[in-house]
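Colleague: All residue numbers for the sequence shown refer to the numbering used here, where the first residue is 1 and numbers rise by one.
Possibly wrong hints are sitting among the right ones.
Mimicking SDA-like on lysine to any residue, the simulated pairs with C-alpha atoms at most 20 Å apart in a straight line are [what the hints assert, rightly or not]:
id: 1; residue 1: Lys87; residue 2: Gln75
id: 2; residue 1: Lys79; residue 2: Gln67
id: 3; residue 1: Lys79; residue 2: Glu68
id: 4; residue 1: Lys171; residue 2: Trp161
id: 5; residue 1: Lys87; residue 2: Val71
id: 6; residue 1: Lys171; residue 2: Glu160
id: 7; residue 1: Lys87; residue 2: Leu69
id: 8; residue 1: Lys79; residue 2: Asn63
id: 9; residue 1: Lys171; residue 2: Asp159
id: 10; residue 1: Lys79; residue 2: Asp159
Cβ-Cβ distance ranges computed for the label pairs, FRET-style [as the list claims (entries may be wrong)]:
id: 11; residue 1: Leu58; residue 2: Ser6; range: 37 to 45 Å
id: 12; residue 1: Glu10; residue 2: Met70; range: 26 to 34 Å
id: 13; residue 1: Glu10; residue 2: Leu58; range: 20 to 28 Å
Please keep in mind that the hints were generated in silico from the structure rather than gathered at the bench. From the three backbone atoms N, C-alpha and C, an ideal C-beta is built for every residue, glycine too.
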Amino acid sequence: MASFFSDLWESVFTPGPTPTLLIATNVTFGALQIVLAVLLYATYSVHFVVLSVLCGGLWGAINWFAQELMVHQEQEEEKERRALAAKPPAVSSEDSETEVEEAATSTASLGKREPPAPKVVVATSLETDVEASQGELKHRLQAEEGSSQGLKSSVSTEDEWERVSENEDGKDK
Numbered sequence: 001m002a003s004f005f006s007d008l009w010e011s012v013f014t015p016g017p018t019p020t021l022l023i024a025t026n027v028t029f030g031a032l033q034i035v036l037a038v039l040l041y042a043t044y045s046v047h048f049v050v051l052s053v054l055c056g057g058l059w060g061a062i063n064w065f066a067q068e069l070m071v072h073q074e075q076e077e078e079k080e081r082r083a084l085a086a087k088p089p090a091v092s093s094e095d096s097e098t099e100v101e102e103a104a105t106s107t108a109s110l111g112k113r114e115p116p117a118p119k120v121v122v123a124t125s126l127e128t129d130v131e132a133s134q135g136e137l138k139h140r141l142q143a144e145e146g147s148s149q150g151l152k153s154s155v156s157t158e159d160e161w162e163r164v165s166e167n168e169d170g171k172d173k
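The whole structure should be built from the sequences, with the hints applied where relevant.
Modeller: Okay, structure coming up:
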């Protein structure tokens, strides 16, 4: 009995369903079903019937899930065995190139390529900005110097809220 509890404690920290854990789960759910049956007999309450059905559903779902996990583990182990059996014998490291060496060789044979140029914004004057992006030029016009807004990029939400509040004041009058 002491070995069962020590195995149960160790199986909690072991991944996957272990036989000891499944036995403890089934015994616990069986005891819960007995308690619910006794309470049903003592109180004749429909609540214990519902709880018993829920308990039975959960009990079955846990056992089904544990079975599926075991089947999946067996399939994974079989795949690993097949992969090891199909793996060709190892060649000495002097005769073969590593992936890093192959990548370095292929990069050197292609020559050096420069990465694409980053997006650059060049200011040519106060009135225009030229945006250079991968060979394309785009002109952006700025606002006139004498306007109350200044540059387009300097307009803030605060300025817009002031204009809205001015318009509302004009409507109230």
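Colleague: Looking at the structure, which of the earlier hints fail to hold?
Modeller: 5, 7, 8, 10, 11 and 12
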